[in-house]
Structure formats: structure tokens, C-alpha cells
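S.K.: So the sequence lines, in the order shown, correspond to chains A and B. Position 190 of the first sequence, counted from 1, bears residue number 194 in the numbering used here, the numbering being contiguous throughout. Position 222 of the second sequence, counted from 1, bears residue number 266 in the numbering used here, the numbering being contiguous throughout.
Be a bit skeptical, because a hint or two may be false.
With a Cα cut of at most 30 Å, we get these calculated BS3-like pairs of lysine-lysine [as the list claims (entries may be wrong)]: (1) B/K307 - A/K274; (2) B/K249 - A/K274; (3) B/K173 - B/K230; (4) A/K274 - B/K203; (5) A/K368 - A/K150; (6) B/K55 - B/K230; (7) B/K173 - A/K322; (8) A/K322 - A/K254; (9) B/K55 - A/K414; (10) B/K304 - A/K274; (11) B/K249 - B/K208; (12) A/K381 - A/K24; (13) A/K430 - A/K396; (14) A/K24 - A/K274; (15) B/K249 - B/K200; (16) B/K208 - B/K304; (17) A/K351 - A/K20; (18) A/K274 - B/K200; (19) A/K52 - A/K139; (20) A/K139 - A/K178; (21) A/K350 - A/K430; (22) B/K203 - B/K249; (23) B/K95 - A/K191; (24) A/K414 - B/K173; (25) A/K196 - B/K249; (26) A/K368 - A/K430; (27) A/K136 - A/K407; (28) A/K259 - A/K368; (29) A/K322 - B/K230.
Which residues of chain A face chain B? A few of them, derived with a C-beta cut under 7 Å, are [stated by the list, open to error]: (30) E141; (31) K207; (32) L326; (33) A330.
To spell it out: a stretch of chain B is covered by chain A in this simulated footprint if at least three of its residues, at any positions, have a beta carbon under 8 Å from a beta carbon of chain A; those stretches are [unchecked claim]: (34) 52 to 60; (35) 139 to 146.
By construction, these hints were calculated from the structure, which means they are not laboratory data. These numbers come from a predicted model, not from an experiment. No residue lacks a Cβ here, since even glycine has one placed at the ideal position from N, Cα and C.
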Amino acid sequence: MSLLVTNVRLLDPAQKLDAKGALLVVDGRVAAIGPDAASHPQAAGAEKVDGQGALLTPGFIDLHVHFREPGQTRKESIETGGRAAVAGGFTAVCAMANTKPVNDNVAITELMLDRAKKADLARYFPLGAVTKEFKGEELADYGTLKAAGCVAFSDDGLPVMNSAIMRRALEYTKWLDVPIVAHEEDKDLAGKGYMHEGHVSAKLGCLGIPAAAEEAMVARDIVLAEHTGGHLHLAHISTAGSLRMIREAKQRGLKVTTEVTPHHFALSDKELMRFDSDFKMNPPLRSEADIQAILEALGDGTIDAIATDHAPHGWDDKECELPIAAFGVIGLETAFPLALELLVNKKVISLEKAVSLLTWEPAKVFHLDRQGLGSLKVGAPADFTLIDLAAKVKVDREFIQSKSYNTPFKGWELPGKTVGTWVSGKRVWG
Amino acid sequence: MSPERYVFPHKHLLGIEPLEPRDITALLDQARAFEEVCERPDIKIVPALRKKLVVNLFFENSTRTRNSFEIAQKRLSAEIINFDADTSSLAKGETLVDTAMNLEAMRPDLIVMRHSAPGAHALLSRHMKASIVNAGDGAHEHPTQALLDAYTLRKKFGKLDGLKVAIVGDIRHSRVVRSNMWLLTKMGAKVTLVGPPTLVPQDLKATWPSIEISHDFDAVLPEQDAIMMLRAQFERGTGAYIPGQGEYSRFFQLNPSRMKRAKKDVAVMHPGPINRGLEITSDVADGPNSLVLDQVTNGVPVRMAVMFLLCHPHGELVP
């Protein structure tokens, strides 16, 4: 079984490759890549795909999705989430543990992996819980869960408020070489807030979540990461203050990594002026100054990954009063188009850097690079994405593959259409 | 009808924010016409909303606002349905959207709603055709309160432009303040917010750049034409924002010794309900400067004006 994709612009940041050429896949792995790949001996007789000048990149890797299975498959399933992923050019997703029940034991992990195998779309990497039942009290069985397939650990959505538990988690996981992923939010400072605390919340009379709720926990966990030497991955960072501390921690050589979401660099809290719950998520949309800080941090290496925090919710969960509407937005289908339009076309970062933040850099954070993911080096799994940079997509119900439609980008027209997505050389989209 | 004739341009009254100064003036002028009705010795009723179905939807406890609306509706001859959150399908877990869609199915003309969630009225308006009056949505807006406050001030001083008004207390959690800031700044009054830093967010200046914020009541008191005291809401866990009642009263209570620093004809106002002895002492609340009961009286014609102009934007039925 071989496949030859010709007439493409190859962009693989890990190999510093940006050239016109072809990709040759044999038995699901990269056999040749580059200007001369089409003349490789095994190219003869391969199934041919004409890329028509489109961009070919390693498949995108999302460190942060919620696929709601088991427990809330009315919102999303591993299959429907997988379809949203490949539609957005993602070939690997890392799924949060806040399912019902939570992923704190091997039975749940195995169920997830089994469903993902049946769906046969994007690669699915589960995160395990940091504490049993997300209660913040007892450490989960990290070694056992890692052996079952978990790539990182997080009580996402429920921050580990007990500093001693967080310390032990970071300390214990060192010998397993897996990151602890932290949703940073001091629950007392956040209170019952449901949007960013600032002049918009003051105007609307809405309860705010101050930037300090995130920053206080980022500060604590950087201290604990330094103290223990554990790997701290900071999920969906949203404030300028957090990024300042992360930049400094990295400069000091601490094992601290981070991600930002497209909605946090695309939208500010001003969107809440109409009380539209499509703009309600946690962490909340922050101020314009925070967006500027994120854009800077994307350029200077402070940020390791663009992750979606794809969080599907049903119409009922969202079409209600703002204080009680569910937190979260979907993001897989719109992530690359937003990065292309708002980061690359606006000259914040290069196309190569944007692709790197969606492929090689996230692969390294969760050590997926050790499985050859995140780059199309010869011998690596042939997970790749073909994108027409000029073709526009319109965000409507038909475009969105997720079971849910809680996107804040309804009606947006963006460049960057996913023409096709392949996992192990098998076409899963387009 | 001459082409210049004013037509009330809003379908709903969700807040003061969307109103132009001339809309505010039109509402206050209309209220003055209705005040004459309310002060009649005999029959205080006009047929202005005859055959109109008005639904009062109160999801939060309210006695005075609801009574005021209901009296206003009766004086306008409206048909009234009271939807009580405690006994309704809400207690059975019905959502606001379902409530809205079910009411809409019965074709009401006007909805008056109070709700604890900021923006709840925007949600309601997406599912209903009826005009909606916001009778308070969380800490967001309470437009009829601001209108009756403005009516009361205009009646005493003859104008709003140039008036100095201090609002004292829990600014952070107050919808009355937000509606008043919109209204008073639109009409040219000078607003000073007074309270401890935990209750007065500096962030408000981004939206209302002309307001002043002070933590020193005594310092700003002498120059004010009016003082609006807010209820110190200790029952809502305000204790986490301020140390205690004694300390609060010491710095922010309106009492006879503070009144000596105020202008002789200063207007003392309070949206109620009053915590006597806490934010204001009884001798001040009931004293010669107090307009507290005038506010209550004026609430009826102001609410009549709001409901009337929403249903009859051309105002033909002016009595």
C-alpha cells in the first residue's frame, strides 16, 4: 500500500522543511518527503493524489479537547469529536479526564481507547485524573494509567486547590516523565464569577473572575514545579500576568510548558456586552491588553502550543441566563483558520511558527514526538493535513462537524480550508 | 400629524443605556401627565392600556416594585396576569426560555420582568414578540427606578443638567446605580460614587468617564444637591466585602451630624427598602430633606408612562 501526494508545498517545522514537492507514504509511514520524493523507486505504482498546490503539514495535534464520552454523549462522542478533529486538520487529540465518570481508572481509559479505535479517525490520547474522582484528595494511579495509555494528568476544570496534593502529584510523576496539566483558577478568588472581571463586567453588573484567580495559581504551581522538578503544563493560559511568570520560569530553565486557545487570542470580554453565552468559557475571554500579551508570547517562544479546549455543549446548556449557562466553546474546526487569519495573515507570527505550534511543539509537550508524531520525517507515521490557504470557510452548522454548535465564531468567514486529512496514510477527511 | 412629532423609538425598556436624552425627557413629560391622573380626587384611572394584556414575571422577591407596577397597570386599565415564581412551573424546573415560549403562545402585549441574572431580558426578548420592561436584572439595570429618581429630582430642582448627585453604598452590586449612572450622565448631572474600595469598582470609570469615585463621604458631602443612599445588603454576604455594620455606619451612614455638612436643601433619597439605623438613621430618612416617599409616589406615574409609550409610541391617548 503506497500513496504519493504530489504538487504540494511541504511545511514541516521540525525538519525546517518548506519546499515544493511530494510526500510518499508506504505502509502508513513516510517513505520520502521533499522535492525528489516523486522520483523515489517506491513511488511508481503508488496511488496518486494531486495536491493542486495546497499546503501539506504534519497533522495537527490538540493537547486539550473534551469529547464527553463516557457520560455526556448527547454533547459529543469520541466518534463525533474525532470527526470535528479531522475536519479541522487534527490527526491527534488529547482528551481531558472530566468525563462521567472521570478517567481515574484503567477501565475508563480502556473504554475510551476502544471507542477511539472503532471510530478510526484522529489518534486519541486520554489524560488521566490528578486525583481520584477529581476530589482533590487522593493521587490517581499515575503509573498504571500511563501503562494503559494516558499521556498526561489533569483535574481540568477543578483546580487542585490543596497545595500539598499538587506538590505530591508533580513530585510523584517525575519518574514517569508525564506532565501534570493545570487549569489555573483559585476557586475563592473566582467565586461565582462567569466572565472576566474588568470594565465590561463592571458595566454589566456581572460577577467577574479576576485575572488574579489564574495568576495566583500559576505563581503557586511554578513554585511547586521548581521545588519538585516535575513537569508542569499550564492549560489555556489567558492573562498577561500569567505569561510574564511563565516566560520568567522558562528563562530559569524550569520544566514549565503552556498552551493558549484560539478564542483567547481572537476575542475579548467586550463580546459579552450582548450577554451571549456563546462567549462564556473558563478561563473567560480577557481584556484587549491580555490579547496583546498572548500575541507577543506566541512570537517569543513563551507559548508551546495552540490548543482548542474544544468543549461541546448542547443548546439547552447554553440558551439560558448567562450566570447559569455552561462554560465552554467548541474549537477544532476553526482553530487553524483563526491562527491563519489572526496570527499569520496579520503578521504576528510566520506560517511556519503557526504550524509548529499546532504540530511539533505540542508533540514534544506530551512526548508524542517519541512515537514519531508531530513531524513527517522518514519512517514517521504518515499523519498529515492538506490545506488550501486561500479557500475560505464559512462557520455555519454545516461546516461544524461536532455534535454541538456552541462556537463563538458563527457566521465568520475565514481562510484556510482543510482539503484532506490522513492518519497513518489513510484518508479520514476530504 | 406633523413630521417632527416625537415617536418613542424603543420596543422594549431593557435599560437606560439605549435611551437618548430626548427619550428620557419624553418619558418624564409623559409621567407628569399621568401624575395629574394619580392625584385626581376621584377616579384615578385612564383607559390608556384597555384590552392590553400585561404579564408580571417576578423571579425575584419584590414587594414595592411589583406593587408599583401593578398599581400603574390598574390605573391604565390593563388586563393583568401575575406570574409568581414560587408557585409556577419554575418550581418544577422550567427554564426561562420555556416560560417565555409558553407565555408567547398566549400573545401578551407587555411583559414586566424582574430576574436575578444580568441580561435575562435579552434572552427573553429573543423568544417573545411582546414588549418587555426590565424591572431589575441582577446588578445590571433597573431603568424604572432611575426614571422615577430622575422624575423626583427634576420635580424638586426643575432640571437634571448640572445637578451634583452622590450615590453612597454598595455600588458594586447595585442595578439602581448602573441605571442612574446612565441616566444622570446622559442628562448632564455630575455623579460621585461613594463607598469603600471593595464596593466601588474603579473599572466603572471606563464606561462612565465623567463620574467621580470617593471613599470619603464627609469630603464630598457638602457640594451635593442630592444624596442617594443604597441599602447595605448584609444579608447577601456583603460581610465578605466590608468588615461589619458598625464600621460601615461610622464612615458611610447618613445621620444628623453628617447632614449638618450638607446643603440646606439637599435631597435625601433611597430606593428602599431602608435599613433604618444602618445606612441612614430614622430622623434623616423621615426628616425634612427626605424624598424617599416622593420616590415611591412618583414610581406609579413613571411606570405608567413607560408602559404607555411602549404600547402607544405616538402617545395619541395622552389624557
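S.K.: Look at each hint and say if it fits the structure.
M.R.: Against the structure, the hints:
Proposed proximity of B/K307 and A/K274 is contradicted: the alpha carbons are some 40 Å apart, above 30 Å. Taken as a hint, the B/K249 and A/K274 pair is honoured in the structure, with Cα atoms around 16 Å apart against an allowance of 30 Å. About 29 Å separates the Cα atoms of B/K173 and B/K230, which keeps this hinted pair within 30 Å; it holds. Note on A/K274 and B/K203: the hinted pairing is violated, with a Cα-Cα distance of about 34 Å set against a maximum of 30 Å.
With a CA separation close to 17 Å, the supplied pair A/K368 and A/K150 stays within the 30 Å bound. At most 30 Å may separate the alpha-carbon atoms for a hinted pair to count; B/K55 and B/K230 meet this at roughly 20 Å. At most 30 Å may separate the alpha-carbon atoms for a hinted pair to count; B/K173 and A/K322 meet this at roughly 21 Å. Pair hint A/K322 plus A/K254 does not hold up; C-alpha atoms about 38 Å apart against a cutoff of 30 Å.
For a cut-off of 30 Å, the pair hint linking B/K55 to A/K414 stands: about 26 Å separates their Cα positions. Of the supplied pair hints, the one linking B/K304 and A/K274 is violated, its CA atoms being roughly 44 Å apart against a limit of 30 Å. Restraint check for B/K249 and B/K208: the C-alpha separation of about 17 Å stays at or below 30 Å, so the hint holds. Under the criterion of a C-alpha separation no larger than 30 Å, the hint pairing A/K381 with A/K24 is consistent with the structure, at around 16 Å.
Restraint check for A/K430 and A/K396: the C-alpha separation of about 25 Å stays at or below 30 Å, so the hint holds. Restraint check for A/K24 and A/K274: the C-alpha separation of about 42 Å exceeds 30 Å, so the hint is violated. With a C-alpha separation of about 28 Å, the suggested pairing of B/K249 with B/K200 holds against the 30 Å cut-off. Taking the CA atoms of B/K208 and B/K304, the gap is near 18 Å; set against the 30 Å cutoff, the hint holds.
A threshold of 30 Å between alpha carbons decides the hint, and for A/K351 with A/K20 the separation of about 20 Å falls inside it, so the pair holds. Of the pairs offered as hints, the one joining A/K274 and B/K200 is violated, with about 38 Å between alpha carbons and a cut-off of 30 Å exceeded. Distance restraint check for A/K52 and A/K139: the Cα-Cα separation of roughly 52 Å exceeds the 30 Å cut-off, and the hinted pair is therefore not satisfied. As the CA atoms of A/K139 and A/K178 are separated by approximately 22 Å, the hinted pair is consistent with the 30 Å bound.
Simply put, A/K350 and A/K430 have alpha-carbon atoms about 34 Å apart, too far for the 30 Å limit, and the pair is violated. Of the pairs offered as hints, the one joining B/K203 and B/K249 holds, with about 24 Å between alpha carbons and a cut-off of 30 Å not exceeded. Between B/K95 and A/K191 the CA atoms are separated by roughly 52 Å; this puts the pair beyond 30 Å, and the hint is violated. Distance check on the hinted pair: A/K414 and B/K173 sit about 24 Å apart at the alpha-carbon level, within 30 Å; holds.
Note on A/K196 and B/K249: the hinted pairing holds, with a Cα-Cα distance of about 24 Å set against a maximum of 30 Å. Proximity of A/K368 to A/K430 is assessed by CA-CA distance (about 24 Å); at most 30 Å being required, the pair is judged to hold. Distance hint between A/K136 and A/K407 is fulfilled; the C-alpha atoms sit about 29 Å from each other, no more than 30 Å. Only pairs whose Cα atoms come within 30 Å are accepted, and A/K259 paired with A/K368 is accepted, the gap being roughly 12 Å.
Distance restraint check for A/K322 and B/K230: the Cα-Cα separation of roughly 34 Å exceeds the 30 Å cut-off, and the hinted pair is therefore not satisfied. The restraint placing A/E141 at the interface with chain B is violated, with a minimum CB-CB distance near 26 Å, outside the 7 Å limit. At its closest, the beta carbon of A/K207 sits 4 Å from a beta carbon of chain B; the interface hint therefore holds under the 7 Å criterion. Hint status for A/L326: holds, given a least beta-carbon distance of 5 Å to chain B, under 7 Å.
The beta carbon of A/A330 comes no nearer than 13 Å to any beta carbon in chain B, farther than 7 Å, and the hint placing it at the interface is violated. Coverage of the stretch 52 to 60 of chain B by chain A is violated. Counting CB-CB distances below 8 Å, 0 residues qualify, and the rule asks for three or more. With a cut-off of 8 Å between beta carbons, the stretch 139 to 146 of chain B has 3 residues touching chain A; three or more are needed, and the interface restraint holds.
The structure is inconsistent with the numbered hints 1, 4, 8, 10, 14, 18, 19, 21, 23, 29, 30, 33 and 34, although it conforms to all the rest.
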